[in-house]
Amino acid sequence: MRNKRLSTVASFLLIIALLAGCSSNSASSGTDKGADTAASGKKKVEIALWLTPQWKGVFDATEADADYDSFFKYAADKFAKQYDKYDVKVNVQVVAGDQRDELLNVNLNGGTPPDVFFESAFAMGDYAHRGALVPLNDIVDDAAKKDIDQGYWDNVTYGKDIYFYPFSHNPGTFAYNADMLKAAGLESFVGGDNEIKTWTMDEYNQILKGLKENLPKDKYPNAYPMALYALNNQGDTWNLAYLRMFGSKFFDDQGNIAIADEKGIQAAQWLKDIYKAGYTNPGAESVSSNDANAMFQNQQLAISFTNAILFNNAKADMNAGKSPKFDIRLANIPSISGDPLTFTYVVGASVFKSSDATKTEVAKDFVKFFSSDPELVKASKNSIPVRSSVVAELKSQYPLFSAYDANAPHMFSFTGNVPGYSELRQVLYPELQAIYVGEKTPEQAMKDYQTKGNSVIQKARESSVLK
Amino acid sequence: MKLLRNQTWKENVTGYLFIMPQLVLFLIFIVYPIIEGIRLSLYKVQYQQETFVGFQNYSTLFHDPVFFKSIVNTIIFVVFIVILTVGFALFVSSAVFDKNAKYVSFIRGSYYIPVMVSMVVMSMVWGFLLNPANGLISYAAREMNLSTFNLLGNKNTVLPVVIFVTFATNVGQAIILYIASMIGVPKDLFEAAEVDGASRVQVIFQILIPLVKPTTIYITIINIIAVLKIFVVIQMLTGGGPNNATVTMMYYLYNNAFKYNQLGVASAVGVIMFIITLLLSVPQLRAMFKER
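The listed protein sequences correspond, in order, to chains B and R. Going by my numbering, 64 is the number at position 64 of the first sequence; the sequence numbering is gapless. Going by my numbering, 204 is the number at position 204 of the second sequence; the sequence numbering is gapless.
Don't read these hints as lab results, they were simulated from the structure. Treat the hints loosely; a few may be bogus.
According to the in silico footprint, chain R covers these stretches of chain B (three or more CB under 8 Å from chain R) [unchecked claim]:
| # | segment |
| --- | --- |
| 1 | 100-112 |
| 2 | 138-147 |
| 3 | 416-430 |
| 4 | 433-442 |
Across the chosen pairs, the derived CB separations fall in these ranges [said to hold, decoys possible]:
| # | chain 1 | residue 1 | chain 2 | residue 2 | range |
| --- | --- | --- | --- | --- | --- |
| 5 | R | 76 | B | 319 | 48 to 54 Å |
| 6 | R | 156 | B | 396 | 28 to 34 Å |
| 7 | R | 129 | B | 213 | 26 to 32 Å |
| 8 | R | 129 | B | 444 | 48 to 54 Å |
| 9 | B | 444 | R | 98 | 42 to 48 Å |
| 10 | B | 389 | R | 28 | 35 to 41 Å |
| 11 | B | 444 | R | 53 | 46 to 52 Å |
| 12 | B | 388 | R | 128 | 30 to 36 Å |
Far from chain R, by Cβ distances over 12 Å, these chain B residues were calculated [what the hints assert, rightly or not]:
| # | residue |
| --- | --- |
| 13 | 153 |
| 14 | 377 |
| 15 | 400 |
Yeah, the Cβ is synthetic: ideal placement off N, Cα and C, and Gly gets one too.
Generate coordinates for the entire structure from the input sequences, incorporating the hints supplied.
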């Protein structure tokens, strides 16, 4: 009997201990870690900044210990030193581009989004439509509006409000291995060092054929002419560009996809043809853009996709001895009209809504600081600066700035500014896979993409909070 | 009568108190999420609001060919992986269970190593090997002039590859369980069979397999439930491709919840999976209660 009582008491104690454990835990997690008052007398505020890999180093990849978060750690430090409202700590975290939406969706639904996110605006536009971002109109002053061209502001304005503070832009082109082209006897197609070479469609087809047939196997074993990938949505902007090669406008005037026309199907057929002819890496359906980029750096591909940041990173890797050195140059994506196909990503910071007004205030102040501080904005040279003042100052050192500038008139808006763009990206690659594995004809795949894509856009339009 | 009931209650209360902590955790972490999942499956979930939509999420599902593909793929995975696992584990265990102890330990160890390695690591290693552009297997195939060779890009070979990778990682567990169970079979039965002049095949089919039936049922149910939730291999190896050829229900759920941000539709998939799992567990539960 006594034993029984003892065990009853023991089990009660166990439950009480457990509940006490739980409640003390929840109490501690309930308090705001960032709200303590520091020794300086200022209130302590912690904010989180996430970014996808952009450039390495504070200003340059050649710095010691250069990494993707170097710039923001430096900027946070500089910001904290001069900020008089609060004692600020910025926690910087680099997240993989292909995991961005998963991470953000989980954290948004759990109520723990980061305060600041630094990324290409196109990939984040959906969060503005969903009402998860804070408008940044109040931190954009006249000086910034004057210094940054209106075109970039249009890119980051959704409805009436600005949701991203443009920092740099990142034009997408081809990169090619000039050594490989020369080795295949294609010297005449090689452009200048600081040129973005424009080939016609016929020339481009000749280059692919020449590389396939004449690339010396002993010097470049296991190498292919061009990168082609469709494993997931990464790097899909180039795939979108290829679909415009034969003159398709992609979106109609109402903002719906209109790719299943003659020109769009012709482009999809061209992709299938070069794939079947062995002008690209094999297995495009299960190769990712990351794989393709690595193959290009290992000289297994002669022509690959790139943007300003990737191009600079590739050069930095070569100089640091991390990848084989070769003569890397830029070329435009060709089109049947002879004009190049170019697009750009405006890269900048956005601020997520938070239940803590202080955090939102600090996050906005920080975004304004690193996006307008005269020293920090020079880091935008790692891609292409959006500020005319920075371009003017650095133009002489970076001759490619003017080459990119010359491309600007041929720019197309690849998102069409449609809502639901993130989900739309998930619809394209399965159709490309179907083309490459031969499950669908290019015509069928484009029709299916158009139908599915338009239903995504329609749904997103209905639920967008921006009218 | 009242006194008796009081006494029984008093006797039982300690027992209830002992299971209380587990019960509380079970209610919070298992039952509540299930109820919440069922509720969400009837709502359209947006960042700022939830709207009741009745069975619209279910109707969306049943109009999506990819969902049906995911069901078919999941069934294919379950059937083949479970049959392979049970068959191969039975074969290996019945071949070695009565050999010398060191040999048995060696076999057990060898098959168990992959179980200990994380599924993510295994999938990545296979991913490296099978990468069509620069993977080792594709390279070897090219060297042998087998032209292009992309097991993951061909819808006829991608399912067998995923089945094999999952089976190779899982089978160790089943072998351990079978060997333990076979070692427990009374020796006199084998001796009697030997006296009667039974062959090894007869011993295995007439004595061993019937006597380890409870283990077979257990392994089958556990594997069915595990394979129903197959996700990691798909995410790491194929991303559901090519053209949704390897999308499973769990991967479809994940895509909807975290990539497309359709929490309501994802919850509906979750509810359907829950019902299927529940139905599959009924025979197992019935068998357990019958034994009592």
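Review point. So which of the earlier hints does this model not fit?
Key: Checked against the structure, the hints that fail are numbers 2, 6, 8, 9, 10, 11 and 12, while the rest are satisfied.
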